[in-house]
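*Asks:* The whole structure should be built from the sequences, with the hints applied where relevant.
So the protein lines, in turn, are chains Y and B. The numbers in numbering that gives the first Met the number 0 rise by one with no breaks, and the one at position 79 of the first sequence is 78. The numbers in numbering that gives the first Met the number 0 rise by one with no breaks, and the one at position 19 of the second sequence is 18.
Just so you know, the hints here were simulated from the structure itself, not pulled from any lab data. Since no wrong hints were added, every one of them can be taken at face value.
In the DSBU-like style, the derived pairs of lysine-lysine whose C-alpha atoms are separated by at most 30 Å in a straight line are:
1. B:K165 / Y:K93
2. Y:K93 / Y:K196
3. Y:K93 / Y:K277
4. B:K197 / B:K36
5. B:K165 / Y:K277
6. B:K110 / B:K200
7. B:K36 / Y:K284
8. B:K235 / Y:K277
9. B:K165 / Y:K208
10. B:K3 / B:K201
11. B:K235 / Y:K311
12. B:K165 / Y:K187
13. Y:K93 / B:K36
14. B:K110 / B:K54
15. B:K235 / Y:K284
16. Y:K210 / Y:K277
17. B:K165 / Y:K210
18. Y:K209 / B:K165
19. B:K165 / Y:K196
20. B:K36 / B:K200
21. Y:K277 / Y:K208
22. B:K235 / Y:K196
23. Y:K311 / Y:K196
24. B:K54 / B:K36
25. Y:K284 / Y:K210
According to the in silico footprint, chain B covers these stretches of chain Y (three or more CB under 8 Å from chain B):
26. 139-148
27. 255-266
28. 289-298
Ideal Cβ positions, reconstructed from N, Cα and C, are used throughout, including at glycine.
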Amino acid sequence: MTAEVILCYSEDDAVAEGLVRLARSLTPDVASRVRAVVLPGASPEAADRLVAAGAHAVHTVAGAGSSDPHVRAEMLRAAVAELSPTLLLVGSTKRGREVAGRLAGALDWPAATGVTTVRLDGDGIRVEREALSGNAVAVERIVRRPAIVAVMSGTTGPAPSVVDGAERRELSVPSSSPGTEPVEVRPKAGGQLEIEKADRIVTIGRGLKKKEDLGMIEALARTLGAEVGCTRPLAAESGWLTDDHWIGLTGHRVHPTLYVAVGVSGAVQHLVGMRSSKIVVAINKDPNAPIFAQADYRISGDLYQIVPALTKALGG
Amino acid sequence: MVEKLRIWVAVKHGIDVNLTRADRTSGLVHVDAAPRKTSDFDKNAVEEATRIREKHGGTVTAISVGAPAAREALREAIAIGADEAVLVTADGWAQWDTRAVARLLVAASGKLGGFDLFLLGEGSTDHFAGLIGPRIAGELGCAEVAYARRLTIEPNGVLVEKDLEKEVEVVRAGFPVVVTVGQEINTPRLPTFMTTLKASKKEIRVVSPADVGLAADQLVPSVVAERVAVPEIPRKLVTISGASPDEVAGRLRDALRGEGVVP
Numbered sequence: 000m001t002a003e004v005i006l007c008y009s010e011d012d013a014v015a016e017g018l019v020r021l022a023r024s025l026t027p028d029v030a031s032r033v034r035a036v037v038l039p040g041a042s043p044e045a046a047d048r049l050v051a052a053g054a055h056a057v058h059t060v061a062g063a064g065s066s067d068p069h070v071r072a073e074m075l076r077a078a079v080a081e082l083s084p085t086l087l088l089v090g091s092t093k094r095g096r097e098v099a100g101r102l103a104g105a106l107d108w109p110a111a112t113g114v115t116t117v118r119l120d121g122d123g124i125r126v127e128r129e130a131l132s133g134n135a136v137a138v139e140r141i142v143r144r145p146a147i148v149a150v151m152s153g154t155t156g157p158a159p160s161v162v163d164g165a166e167r168r169e170l171s172v173p174s175s176s177p178g179t180e181p182v183e184v185r186p187k188a189g190g191q192l193e194i195e196k197a198d199r200i201v202t203i204g205r206g207l208k209k210k211e212d213l214g215m216i217e218a219l220a221r222t223l224g225a226e227v228g229c230t231r232p233l234a235a236e237s238g239w240l241t242d243d244h245w246i247g248l249t250g251h252r253v254h255p256t257l258y259v260a261v262g263v264s265g266a267v268q269h270l271v272g273m274r275s276s277k278i279v280v281a282i283n284k285d286p287n288a289p290i291f292a293q294a295d296y297r298i299s300g301d302l303y304q305i306v307p308a309l310t311k312a313l314g315g
Numbered sequence: 000m001v002e003k004l005r006i007w008v009a010v011k012h013g014i015d016v017n018l019t020r021a022d023r024t025s026g027l028v029h030v031d032a033a034p035r036k037t038s039d040f041d042k043n044a045v046e047e048a049t050r051i052r053e054k055h056g057g058t059v060t061a062i063s064v065g066a067p068a069a070r071e072a073l074r075e076a077i078a079i080g081a082d083e084a085v086l087v088t089a090d091g092w093a094q095w096d097t098r099a100v101a102r103l104l105v106a107a108s109g110k111l112g113g114f115d116l117f118l119l120g121e122g123s124t125d126h127f128a129g130l131i132g133p134r135i136a137g138e139l140g141c142a143e144v145a146y147a148r149r150l151t152i153e154p155n156g157v158l159v160e161k162d163l164e165k166e167v168e169v170v171r172a173g174f175p176v177v178v179t180v181g182q183e184i185n186t187p188r189l190p191t192f193m194t195t196l197k198a199s200k201k202e203i204r205v206v207s208p209a210d211v212g213l214a215a216d217q218l219v220p221s222v223v224a225e226r227v228a229v230p231e232i233p234r235k236l237v238t239i240s241g242a243s244p245d246e247v248a249g250r251l252r253d254a255l256r257g258e259g260v261v262p
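*Replies:* If you want it as structure tokens, here you go:
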């Protein structure tokens with residue numbers, strides 16, 4: 000077995016720690032090395048956290064921070080040239096997928112994103128990734144290495160032993176001119192809710208006729224001790240709820256114990272966000288709504304009658 | 000200021016995820032036989048390209064890489080507003096991975112006039128890798144902005160609102176630039192009878208990889224899809240009904256108590 004060098008990078012510290020643990024789980028042999036790259040602008044404790052997560056070495060790139068994907072990709076390209084990894088793991092965040100694509104194009108490397116399992120396989124890598132808007136799992140084989148794999152958050156390994164005397168090095172890279180010029184950064188409205196951590200969720204869909212009726216949904220959620228979720232139209236189109244409530248392919252993925260879908264038709268792009276829920280209740284006036292095929296308890300009826308009755312029945 | 004904006008827009012004739020069914024026993028999806036349609040986000044890209052052309056002039060060239068049947072996606076792009084359409088196809092298209100598709104897009108756009116602005120969906124409805132746009136820019140070393148939810152043309156480039164998980168980053172980039180768009184950027188217009196008729200008469204230029212300077216061995220897949228399956232998540236599928244909303248609600252409460260998920 001040849002020694003592997005797995006390089007891990009994410010702009011998000013917690014994601015990067017998960018990548019280091021995953022990389023260690025892929026390389027139980029003593030000869031392989033898990034190296035993490037920290038780019039300028041990262042938190043001051045990033046290197047410590049990556050060592051604590053099990054990295055053999057942390058390489059910190061000096062210089063000015065930049066959110067420009069070209070600059071970041073060029074820094075990673077310099078790290079790749081210096082460290083000759085057999086695999087580069089990045090987080091499948093929006094920035095992670097973008098930098099993965101840029102770097103793959105620049106290096107002519109294979110790449111896969113949205114990956115949920117990784118297995119080194121001879122000269123290649125076998126991955127499972129989401130496909131068909133997240134409702135199917137595709138098994139793909141990357142036929143050559145080095146390659147870039149962007150993994151979903153939560154795809155990680157057990158906490159490995161911390162490496163004694165882990166190496167910490169500064170990596171100097173040639174500067175590159177950014178392709179984009181920053182103008183401003185605006186935090187998204189809302190953004191406080193971490194719906195992916197909720198144990199109970201009441202999700203409202205297009206069945207809601209007007210924004211004022213949200214009160215009825217919130218009352219049910221309060222009674223259940225649940226967070227309020229929504230489908231794409233309510234966040235992205237009408238803006239009745241902020242993006243942090245949005246569940247689906249381009250929204251959040253949730254895995255609560257109880258998921259109550261109210262007036263949600265069940266488009267595949269929504270189902271991917273909620274399919275890991277333990278118990279699913281669907282309330283919809285259309286008996287043929289696709290959500291019913293994904294539900295444990297199904298009520299075909301008018302949400303404007305069912306929801307208040309349910310709130311009352313639950314003691315609200 | 001660019002005299003005449005050369006806008007390219009890539010459209011994928013991808014799997015229609017809403018019509019795709021898995022085999023009941025194995026859960027396997029027969030990707031080859033699946034119904035196809037224009038990938039959702041790519042329609043937003045065509046719409047955006049068309050709006051830019053309507054406001055600032057220039058030309059919109061739609062390009063698709065894949066099966067001969069991808070002509071349908073190109074006709075739809077013309078019906079929305081594209082001026083020209085190019086199909087890159089060859090035997091073996093089904094094995095082309097994101098690397099091959101990005102290389103073909105770079106080669107074809109370069110060979111057929113070049114671009115100032117290259118628009119794509121931020122991902123495809125079926126594969127959703129989000130790699131093609133950044134790969135094109137990485138290969139060319141040009142500017143690129145992914146996840147655009149607003150795009151403004153400026154004298155020498157673009158001003159883009161980039162939609163990230165927790166923030167919106169506003170950036171400026173000079174031409175040539177690759178921009179990938181999300182669904183929030185616009186609502187694609189529906190083709191009318193007249194635009195569809197016009198699109199059906201428009202010639203689609205068909206080229207092979209060799210025509211744009213790429214040999215078959217430069218397109219050998221680096222990633223091979225082995226299987227696609229829909230994981231089975233068993234659901235109880237219990238229908239709850241009753242004579243009144245209160246009765247239905249009471250029965251659901253009792254069922255949820257039985258599950259131990261409500262007190």
